[in-house]
Structure formats: structure tokens, C-alpha cells
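Those letters in the sequence shown? Residues 0 to 719, per numbering that gives the first Met the number 0, in order.
Hints were generated in silico from the structure; no laboratory data involved.
Check before you lean on any hint, since a few could be wrong.
Unchecked claim - Within a straight-line C-alpha distance of at most 25 Å, the following computed DMTMM-like cross-link-like pairs (lysine to aspartate or glutamate) qualify:
id: 1; residue 1: 343; residue 2: 56
id: 2; residue 1: 716; residue 2: 56
id: 3; residue 1: 163; residue 2: 683
id: 4; residue 1: 364; residue 2: 97
id: 5; residue 1: 458; residue 2: 520
id: 6; residue 1: 591; residue 2: 512
id: 7; residue 1: 78; residue 2: 46
id: 8; residue 1: 591; residue 2: 270
id: 9; residue 1: 395; residue 2: 385
id: 10; residue 1: 658; residue 2: 185
id: 11; residue 1: 588; residue 2: 385
id: 12; residue 1: 174; residue 2: 185
id: 13; residue 1: 523; residue 2: 548
Just so it is clear, the structure is predicted and the values come from calculations on it, not from any experiment.
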Amino acid sequence: MHRLIVKHLILLLTIGLVVFSSCTPTQQAVRVETSSLFNVDTVKAGEFDTGKMWTFDFPPTDYLRRTYGLNPTKEWFEKARLSALRLPNCSASFVSEDGLVMTNHHCALGALDLANREGENLHETGFYAATLGEERKIPRLYVDQLVLMEDVTAEVVRAFDSGKNDEERIANRTKAIADIENRYKEKTGLTCSVVNFYNGGKFSVYGYKRYSDVRLVFAPENKLGYFGGDPDNFTYPRYALDVSFFRVYDAEGNPLKSANYFKWSTGGAHEDEVVFVIGNPGRTNRLFTYSQLEFNRDVAYPYLLNALNEQVDILSNYIEKNPDKKMQYQTRLFGITNSQKLYKGRVEGLHDAILMAKKRDFEKKFKSAVLANPTLAATYATTWSELEAIQAAKSKVFGPQNAYAMRGLGRSAVFTLAGDIVDVARTMKMPEAERPQRFQGAMLDSAKARLGRTSFDLKLETEMLIGQLRYMKSVLGDNNADFNKLTGGRAPEAAAEMFLGSTMLTDASRLQELLAKPADEILKSTDPFMVFVVNTETRAKEARDKYVELQGKEQAHVQRLGKAVFDIYGTSIPPDATFTLRLADGVVKNYKYNGTTAPSFTTFYGLYDRYYSFKGVHPWGLPDRWVNAPPSFDKSTRFNFVSTNDIIGGNSGSPVLNKNLEIVGIAFDGNIESLPNDFIHTDEKNRCVSVHSAGIMEALEDIYKAERIVNELRTGKRTP
């Protein structure tokens with residue numbers, strides 16, 4: 000599913016990862032066989048390999064006119080922009096003048112956790128507020144509406160160019176961006192951020208109106224929202240009611256009056272119809288150099304995939320053995336399994352000889368255009384080789400700095416706590432004025448109190464710790480003194496059991512006693528976790544600092560190359576995704592797969608066929624009200640559909656619209672062929688998967704009897 004990848008996964012990629020394994024023998028065989036069928040030198044880059052995620056800063060008016068004969072006006076683009084919304088990890092949109100918001104069910108999973116009351120399990124039962132008063136406010140949830148866009152390229156580039164070296168250039172750029180954001184925030188009262196387009200070729204400041212009173216209106220059961228579970232995830236044909244509704248309230252506690260919203264289409268999407276996805280794609284790497292893609296292929300992504308595989312195994316086995324813990328961990332497992340399948344597809348895409356040949360051809364043509372221009376050549380000629388050298392240097396430090404990291408995916412919560420305690424103790428020794436802001440004044444005591452309340456699920460923690468120790472051993476080797484001192488020569492399984500049996504960090508009273516001590520005594524703790532973190536601080540910092548230094552150099556080179564991209568191509572190609580608002584055009588269209596043809600649309604008949612074919616076994620089970628659907632329920636109604644729109648993680652919840660900006664569906668996934676979309680876009684088989692607007696209405700009206708929502712969608716206004 001195309002929700003934005005969870006924050007700790009992004010953090011882990013940013014910090015850096017390490018290779019666990021290369022491709023399997025099967026993958027090797029496939030690549031050898033494929034490459035023997037063609038000459039890679041004859042493969043050419045496609046016109047839209049860099050995608051169709053158009054920005055609202057540079058609306059593609061000429062392209063839309065040439066391609067579809069459409070002439071969208073300035074008002075058309077403005078309505079599209081102001082009707083679209085952004086959630087913390089997903090996209091959404093206003094669908095009535097009374098603040099009704101539509102997004103995906105899988106984007107609402109966290110909200111369901113927060114909305115649960117004593118004795119409820121909204122994941123199992125779903126939720127429908129039959130009256131306005133029953134709508135439930137979700138703590139800390141907000142939606143953002145993009146209301147301001149201004150070009151600030153000159154100011155940012157001027158600051159960048161004023162630096163004497165790469166480190167200074169990046170620091171100057173960072174300061175300039177912070178200054179711009181603060182200045183615009185003070186001037187407008189909006190939530191402001193500077194957006195980097197074309198890897199630094201252009202910069203814009205975006206101002207968002209933030210709505211913080213968001214209430215749950217409707218969500219189906221997990222069995223419908225995630226029908227087919229992980230086996231059906233990133234596949235098609237598909238049968239999921241992946242939709243939920245919220246409502247935004249104003250400062251006075253009334254439903255927000257929104258002048259801009261998307262009306263509901265009466266017929267929904269049709270075969271070969273031009274449709275638009277308007278949402279916030281999270282991140283793509285389509286303008287990466289070939290060497291940067293190789294680094295992801297050979298270093299970053301294989302490690303991440305291995306870490307995800309291990310986490311899925313640990314959590315799945317734990318929930319199976321402890322079914323009473325399912326409600327506590329199912330949302331976490333969902334996010335990890337989603338990412339697991341995603342990165343498996345990305346790794347396979349990076350090993351696809353044809354796709355990589357297309358990337359090499361794009362780089363060859365781009366480089367030739369740069370070298371043909373004496374001015375550009377003088378500035379950028381060596382950039383590619385310099386970036387290649389940086390990737391090689393990153394690969395060497397990648398493993399050690401990650402092995403010493405105490406936070407992130409696959410890390411033991413006890414090790415993470417030990418790292419946090421050491422950070423607090425070091426801060427206690429600093430003068431108040433030099434402490435990080437989060438530890439100044441009373442916030443230091445608050446941080447210590449929060450750490451003192453840390454609790455652990457020791458059964459799960461044992462498995463997590465075993466996994467981390469195995470990984471550390473694979474990177475640090477058998478001769479690392481710190482690791483050998485930590486484990487005492489024991490295997491990870493035996494060492495983990497011993498540590499958790501002897502540590503004071505899992506004992507609340509002893510933990511609080513430790514935190515109450517002076518900083519020096521905390522740092523001299525004999526707890527095995529604390530000892531390892533303290534003893535490896537210097538090496539961890541050296542490795543981390545080296546990696547950060549290399550990243551800084553890489554960013555500087557990437558920004559310079561980004562300017563070259565913009566100088567040569569301008570806005571004829573869209574920039575990489577940045578989790579900001581984009582418009583992606585496409586057509587409702589079937590495709591060839593599995594020796595046959597995948598239909599443009601599925602119907603509810605397919606849902607029941609899947610249910611009966613698997614005899615209702617999880618994850619193809621259905622709730623009773625679906626098994627015993629009323630006679631009025633029309634199973635021939637279109638349910639899901641596919642189109643050629645360009646989407647990626649973050650697009651989840653994006654409205655799918657016709658040329659009149661009417662809702663014809665809601666995007667929730669891509670098919671398995673779309674997973675290499677991270678670095679290259681193709682539309683031969685790559686498809687966006689959406690819930691059809693007719694299917695949503697049929698389910699709301701006949702299964703859920705949600706007349707209040709149905710009427711509001713049809714009329715565009717709430718019935719008093």
C-alpha cells in the first residue's frame with residue numbers, strides 16, 4: 000500500500016545501512032538469461048522515465064493540451080490544490096462543503112487505535128458515526144492545506160554558493176532555509192517549509208493551513224479495508240474497501256465550511272478515461288546518478304529488506320503464539336509487511352537489466368548535454384565521478400556506523416533505552432546554555448521521568464535483542480573487543496537471555512534509582528547494556544560523523560547536478576517526489592499479466608469469489624454483514640480499478656478525479672509491477688490501484704446503511 004514509509008525506515012536509510020546478502024541464485028539466473036536476449040547498448044531512456052508527478056508551481060498546461068486536448072485554467076489548478084489535503088503520512092481531500100475528508104482506511108489505522116474506547120476493537124468492527132455528535136476527535140491528528148507557494152531559489156542558491164567548501168555550503172543552505180521558514184511563518188501564521196525541487200535546482204516555500212480538530216466519521220472493518228492482507232498487497236485484480244472518512248472542525252468546534260471540495264461523480268471512472276491523481280507522493284530517486292542507484296541496490300536496500308524480513312518473522316510468530324497481543328502489535332506489523340514487499344520489489348527492479356540500461360542511457364544523454372555546453376562543462380564535468388567515489392566511501396563506513404547505532408528498525412528497545420540514558424547523562428554534565436533545546440530547563444527532568452516509565456514486553460524483547468546481536472556480530476566480526484566483552488563469547492541467543500535476566504533497565508524501581516544518580520555514576524553503571532554503549536561511544540561517533548560528512552559532500556554535488564538538470568530540461572520533466580502536492584495524469588487502462596489480461600475494473604462478485612475460493616480463511620474472511628448482504632446490494636458494481644497514473648508512497652488517500660475535478664475513485668496502492676517506480680516510471684504494466692467511487696457508494700448505502708454520509712457526498716453538504 001502506498002502510505003508514506005514509516006519514519007523510522009526513512010531515518011534508517013538516511014543514517015545508512017549495510018549489506019546482508021546479495022541476490023539469490025534464482026535472481027542471478029534470471030538476470031543472465033534476460034541480458035542474453037538483448038544488447039543493453041540498444042536500450043534507450045523513455046520520455047517519461049522520470050515520471051509524471053507535476054508540481055503546482057509549474058502546472059503542465061502545454062503538456063495536457065498536447066496529450067489530451069485539455070485546457071485547464073488557473074482556476075482549475077487552484078481548486079484542485081485547495082481541495083486536496085495532506086495527512087502526516089498520507090494524502091486526503093475535502094469531499095463536502097462541511098469539512099468531510101476522504102482518505103484510505105490504511106491511513107486511518109492509527110486513528111482507530113486512538114479512537115478505541117474501553118471494550119472496543121474498531122479494527123474488527125469498523126466505525127460509523129450516525130450523528131454529528133458521535134464523530135470522535137482524534138488526538139494529535141491534523142490535516143494540512145497548501146495555501147501559499149513562492150519561489151525562493153535565488154535566496155537559497157546564493158547562500159549555498161557563498162560557502163568556501165561543501166561543508167560550509169550545506170550549512171549555509173540549511174541556515175537560509177530555516178531563516179526563510181521562520182520569516183514566512185511569522186509573516187503568514189502558516190506552517191511553512193522550504194521544498195527542494197530537482198535536487199536543488201529550484202526551491203519554493205510552501206505555506207500550509209493546518210487543521211488540528213479532526214474527527215473520525217467512518218471506517219470499515221479491517222477485513223474489508225485490507226481484504227486479502229499481505230498476500231494481495233501490491234497486486235491486482237484487487238477487492239479492498241480501502242476508504243475512511245474524517246471531518247475537520249473549525250476553532251469554534253463547528254464543522255469547517257470549505258469553499259473548495261471535490262464533488263462526487265455519479266458514474267465514476269470509465270474505460271480509457273483521462274483521470275488525475277492529486278496527492279503527496281513521498282519520495283522518489285529518479286534523478287539519482289547511476290552510482291547512487293548502485294549504492295541503493297548493493298548496500299542500502301538489501302540490508303533494509305533483510306531487517307524487514309526479520310522483523311516480520313519476529314512479530315508474526317509472536318502474535319501467533321500470543322493472540323492476546325494482536326491488537327497491540329497489528330498496526331506495527333501492517334506497516335512492516337507493507338514495507339517488506341515494497342523493498343523486495345525495489346531491489347528486484349534495481350537488478351532488472353533493461354530498467355538499469357534505461358537509467359544509464361538517460362545519464363549518458365544528460366552528461367553529453369552538459370559536456371556540450373562549455374559553461375556547464377566547466378562546472379559539472381567531474382560531478383559524476385566524484386559522486387561515484389563518495390558512494391564507494393559510504394559503502395566502507397556504512398556497516399560499522401549502523402552496527403553501533405542504538406536506535407532504528409531492528410534495534411532492541413533496551414539498547415535504545417541505554418543509549419537514551421547515556422545521552423541524558425552526558426547532557427547533565429553540560430552547562431545549561433550548551434544543552435540541546437529538548438533538554439533545557441524542566442525538560443531534562445521530564446525526559447528522565449519519561450525514561451523511568453519505560454516498560455518492556457520481555458518475550459518480544461528477547462527476540463529483538465537476538466536479532467540485533469546477530470547483526471552486530473555479522474558486521475563487527477569475531478575479533479571486536481567491545482562486542483566480545485558484551486557477549487562473553489556466547490552465541491546471540493544465550494547472550495540475549497543472560498542480559499535480559501541481569502539488566503536493571505527492565506526493572507522499573509532499579510531504573511528509576513539509576514536515573515536519580517549524578518551523571519558520572521550513571522555513566523559508570525555496570526549494567527551490560529550501559530557498559531557497551533559507554534565503551535563504544537567514541538567509535539560510534541567517529542563512524543557516524545564520517546558518514547554524515549560523506550552525506551554532506553553528496554548533497555552538495557547533488558545540488559550542483561540538480562541545477563544542471565533544470566538548466567537543460569527545465570520543467571519539461573517533473574522533479575522527484577518530496578511529499579508535497581503533485582498532479583499525476585493517467586488513463587484507466589487494463590494490462591497484460593500472468594499470461595492473460597488484468598481487467599480495468601473488478602466488481603463485488605470478485606470479492607465473494609475470493610472469499611469462497613479461500614473458504615473465508617484469513618486474510619480473505621468477511622464480516623457477517625458482508626456474508627449476508629441485503630438483496631439490494633448490487634454485486635455487479637465496479638469495486639476497484641487500475642490506471643496509468645504515477646504514484647508512490649505518500650499518495651495513499653489521493654483522490655482520483657475526472658477532467659471536471661469530480662471524484663471517480665481513491666488511490667490506495669500500486670500493482671507489483673509498480674514497485675521499481677522509486678527510481679524509474681514506466682506505464683506498460685505499472686498501474687495505480689484505486690477504489691471506484693461507485694463501489695464506495697454501494698457499500699456505504701447498502702451494507703453500512705450510512706445514509707448521512709451518502710447524502711453528504713451526493714449533495715456536497717451535510718444534512719442538518
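Comparing the hints with the structure gives:
| no. | hint | verdict |
| --- | --- | --- |
| 1 | 343 to 56 | 34 Å, violated |
| 2 | 716 to 56 | 31 Å, violated |
| 3 | 163 to 683 | 47 Å, violated |
| 4 | 364 to 97 | 51 Å, violated |
| 5 | 458 to 520 | 30 Å, violated |
| 6 | 591 to 512 | 65 Å, violated |
| 7 | 78 to 46 | 29 Å, violated |
| 8 | 591 to 270 | 16 Å, holds |
| 9 | 395 to 385 | 16 Å, holds |
| 10 | 658 to 185 | 37 Å, violated |
| 11 | 588 to 385 | 43 Å, violated |
| 12 | 174 to 185 | 16 Å, holds |
| 13 | 523 to 548 | 31 Å, violated |
Of the hints listed earlier, those the structure fails to meet are numbers 1, 2, 3, 4, 5, 6, 7, 10, 11 and 13, in rising order.
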